[in-house]
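Engineer: Protein sequence lines correspond, in order, to chains X and U. For the first sequence, numbering that gives the first Met the number 0 gives the first residue as 0, with consecutive numbering after it. For the second sequence, numbering that gives the first Met the number 0 gives the first residue as 0, with consecutive numbering after it.
Treat the hints as calculated values from the structure; they're not laboratory data. A quick note: this is a predicted structure, and the numbers were derived from the prediction, not measured. Careful: at least some of the hints might be erroneous.
One copy or any two copies: either way a pair holds, since identical chains are not told apart in the list.
[To be verified] With a straight-line cut-off of 20 Å between C-alpha atoms, the simulated PhoX-like cross-links for lysine-lysine are: (1) Lys310 to Lys280; (2) Lys56 to Lys273; (3) Lys273 to Lys20; (4) Lys302 to Lys288; (5) Lys317 to Lys256; (6) Lys256 to Lys239; (7) Lys300 to Lys310; (8) Lys239 to Lys216; (9) Lys288 to Lys310; (10) Lys56 to Lys20; (11) Lys280 to Lys300.
The primary structure of each chain is shown beneath.
There are 2 protein chains.
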Amino acid sequence: MRKYSRKKKEIAVEDYVSGIKSGDRTMLARAITLVESHTNRHFTVAQQVIEQLGSVKTNSIRIGITGVPGAGKSTFIDSFGTYLCELGYRVAVLAVDPSSEVSKGSILGDKTRMERLSNNPRAFIRPSPSSGTLGGVNRKTRETIFLCEAAGFDIILIETVGVGQGEFVVRSMVDFFLLLVLTGAGDELQTMKKGIMELPDLVVVNKADGDNVSKAKQAMREYNTILHFLRPYTEGWTTKAVTASALEETGLIEIYKEIEQFIHMTRNNGIFEKRRTEQLKEWFDSSLKDKLYAQFFYDEKMKESLLQYEKLIIDGEKTVGNSVNELISLFLNKKE
Amino acid sequence: MRKYSRKKKEIAVEDYVSGIKSGDRTMLARAITLVESHTNRHFTVAQQVIEQLGSVKTNSIRIGITGVPGAGKSTFIDSFGTYLCELGYRVAVLAVDPSSEVSKGSILGDKTRMERLSNNPRAFIRPSPSSGTLGGVNRKTRETIFLCEAAGFDIILIETVGVGQGEFVVRSMVDFFLLLVLTGAGDELQTMKKGIMELPDLVVVNKADGDNVSKAKQAMREYNTILHFLRPYTEGWTTKAVTASALEETGLIEIYKEIEQFIHMTRNNGIFEKRRTEQLKEWFDSSLKDKLYAQFFYDEKMKESLLQYEKLIIDGEKTVGNSVNELISLFLNKKE
Chain X
0 MRKYSRKKKE
10 IAVEDYVSGI
20 KSGDRTMLAR
30 AITLVESHTN
40 RHFTVAQQVI
50 EQLGSVKTNS
60 IRIGITGVPG
70 AGKSTFIDSF
80 GTYLCELGYR
90 VAVLAVDPSS
100 EVSKGSILGD
110 KTRMERLSNN
120 PRAFIRPSPS
130 SGTLGGVNRK
140 TRETIFLCEA
150 AGFDIILIET
160 VGVGQGEFVV
170 RSMVDFFLLL
180 VLTGAGDELQ
190 TMKKGIMELP
200 DLVVVNKADG
210 DNVSKAKQAM
220 REYNTILHFL
230 RPYTEGWTTK
240 AVTASALEET
250 GLIEIYKEIE
260 QFIHMTRNNG
270 IFEKRRTEQL
280 KEWFDSSLKD
290 KLYAQFFYDE
300 KMKESLLQYE
310 KLIIDGEKTV
320 GNSVNELISL
330 FLNKKE
Chain U
0 MRKYSRKKKE
10 IAVEDYVSGI
20 KSGDRTMLAR
30 AITLVESHTN
40 RHFTVAQQVI
50 EQLGSVKTNS
60 IRIGITGVPG
70 AGKSTFIDSF
80 GTYLCELGYR
90 VAVLAVDPSS
100 EVSKGSILGD
110 KTRMERLSNN
120 PRAFIRPSPS
130 SGTLGGVNRK
140 TRETIFLCEA
150 AGFDIILIET
160 VGVGQGEFVV
170 RSMVDFFLLL
180 VLTGAGDELQ
190 TMKKGIMELP
200 DLVVVNKADG
210 DNVSKAKQAM
220 REYNTILHFL
230 RPYTEGWTTK
240 AVTASALEET
250 GLIEIYKEIE
260 QFIHMTRNNG
270 IFEKRRTEQL
280 KEWFDSSLKD
290 KLYAQFFYDE
300 KMKESLLQYE
310 KLIIDGEKTV
320 GNSVNELISL
330 FLNKKE
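Produce the entire structure from the sequences given, and follow the hints as far as they go.
Structural biologist: Below you can see the structure in the form of structure tokens.
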């Protein structure tokens, strides 16, 4: 592989592969950057890395975590992630923020929000990219999960904000889904998106500490009442609400036990495997679309023709429909 | 064109074209159904219809309307649309609801919510499709606008709900953007998405009627203060807040005058034309993508190979990356 003298020296595909296999976090981080990149060259290298890593067989668990802004997601992940590390797991934390392109917001942007976990040698934290990831957010996240698993992380925590369609996207990528809420169920439910209560496998009423304990217990009961009337997302599983305090580190054991029991049940009844198959199919589908897109829009000749047609359309000399047909024919008939 | 004996007799492309050109609303409605369809056959016919309609030169005005649920969008459109019809315009009302796939919600689902307008012979109301439109919502809406304009509608009102990314999508499709709000600016702003106040060319405080008039005036002043600190979306234009009552039909003349003045200004300084060019480019871009995907995913041979590869991936015999590469090569090298 040719090496270019750019700011950062380019790394060969095989170096990425061996680095990731040996659990090298810097290599992992740089491979994820390739996956997230918009340039065709990075796309190609990233795909080669993934190809050479091959099928990774792991016992990983993928956990999605959502909640309205202010529910304390970062503090919760900091505490819970640290607890999981203490149990001996290697924990990767990722963020999915499909709305970042538009709102310019970014979650997990500040690693210091998870101070303890970010200093834990068993943990790996990956903030969501600050610039646009609208194109291919689905594929990119799935590939990032794959890379983390290939690097030996056992538990993948995927954080998403409770706006846009983040929860639905993340729900389709994980084995277990956790909704973080605060006290005052009624008020809070108003601000949540319709349908969100139908997604989680566990509802955690956070900040059950100090004076807030009895209010949190009350909220837990309210949520359990609501959940009682909903069909659980995972067949055969009863989604329930529990309380926890990320601050005082209470309730974390119970949450872990819920997850353990859930994984045990879904592995036995086939749901776990079925979901993983579904996840693989969706990764395949989004990769195909992104690659197809790249073949067309990153091709130098197509780019040129595209600009010519754009001009003709604007000048009123060609219709959109005609131009599309002609360009697609051009693309399909061109010699490789 | 061959005709199939299906439930509904198929209509020939030229019949769609002449029907739409003569302003036949049934033909228009059925052509939009083709545009919205997920089947390849409908896609092809729709593209042919658009192709044959060619470049349509009209003086149409595209107006986007958004607002949080409960802001009274339907009643407002009913009143304002009727008023525009009385002025002699032919008015088409469309809905964009990018979130409908997931939440199963649907706006404008009930035509009776716009009772007066739906009975007006100068109006055409198109509810958003109840089933999924996630794929190609952008192209489909742009093509629906095109069809309505080809059928002679002068004013296109595009409603969107204030959730998900509807506002941003619609903002990119229109000449003028109107935000409908209620009294209690502070509270309401909390529930609005960040950045939404930067989008409109006019803010309308609705329900300024009965006992609510003074509160509405107060809200108007609050909004004007907020707007004063924001850079207007349209250069050279001052976005302001006004009050209106869809119920008592007050304020409609002022809103119309604002729009008239805006169109006059943007036509003179070139912004109108520039936006239309941008809209055309985006339509071109989304059409290209949809056609490219259709070529791949609707192709019978590709469908077959896709299933084979899917099986190999699930069985762990192929990686996603490898499968994608091989399938794309297959697609690009196959004989047409």
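Engineer: It remains to establish, for every hint, whether it holds in the given structure.
Structural biologist: Checked hints:
Taking the shortest alpha-carbon separations for Lys310 and Lys280, only the inter-copy value of 9 Å comes in at or below 20 Å, while the best intra-copy value is 39 Å. With identical chains, the CA atoms of Lys56 and Lys273 are at most 20 Å apart within one copy only, with a shortest distance of 16 Å there and 53 Å across copies. Taking the shortest Cα distances, Lys273 and Lys20 never come within 20 Å of each other, neither inside one copy (26 Å) nor across copies (51 Å). Proximity of Lys302 and Lys288 under a CA criterion of 20 Å is satisfied in both settings, with 18 Å inside one chain copy and 14 Å between copies.
Taking the shortest alpha-carbon separations for Lys317 and Lys256, neither the intra-copy value of 63 Å nor the inter-copy value of 35 Å comes in at or below 20 Å. Taking CA atoms no more than 20 Å apart as the test, Lys256 paired with Lys239 passes inside one copy only; the shortest distance there is 13 Å, against 55 Å between copies. Taking the shortest alpha-carbon separations for Lys300 and Lys310, only the intra-copy value of 16 Å comes in at or below 20 Å, while the best inter-copy value is 35 Å. Proximity of Lys239 and Lys216 under a CA criterion of 20 Å is satisfied intra-copy only: 13 Å inside one chain copy versus 47 Å between copies.
In this assembly of identical chains, Lys288 and Lys310 lie within 20 Å of each other by CA distance solely across copies; the values are 18 Å between and 27 Å within a copy. Taking identical chains as interchangeable, the C-alpha atoms of Lys56 and Lys20 lie at most 20 Å apart only when both belong to the same chain, with a minimum of 12 Å there against 60 Å between chains. Taking the shortest Cα distances, Lys280 and Lys300 sit within 20 Å of each other only across copies (19 Å), while inside one copy they are farther apart (32 Å).
Consistency note: the structure conflicts with the earlier hints numbered 3, 5.
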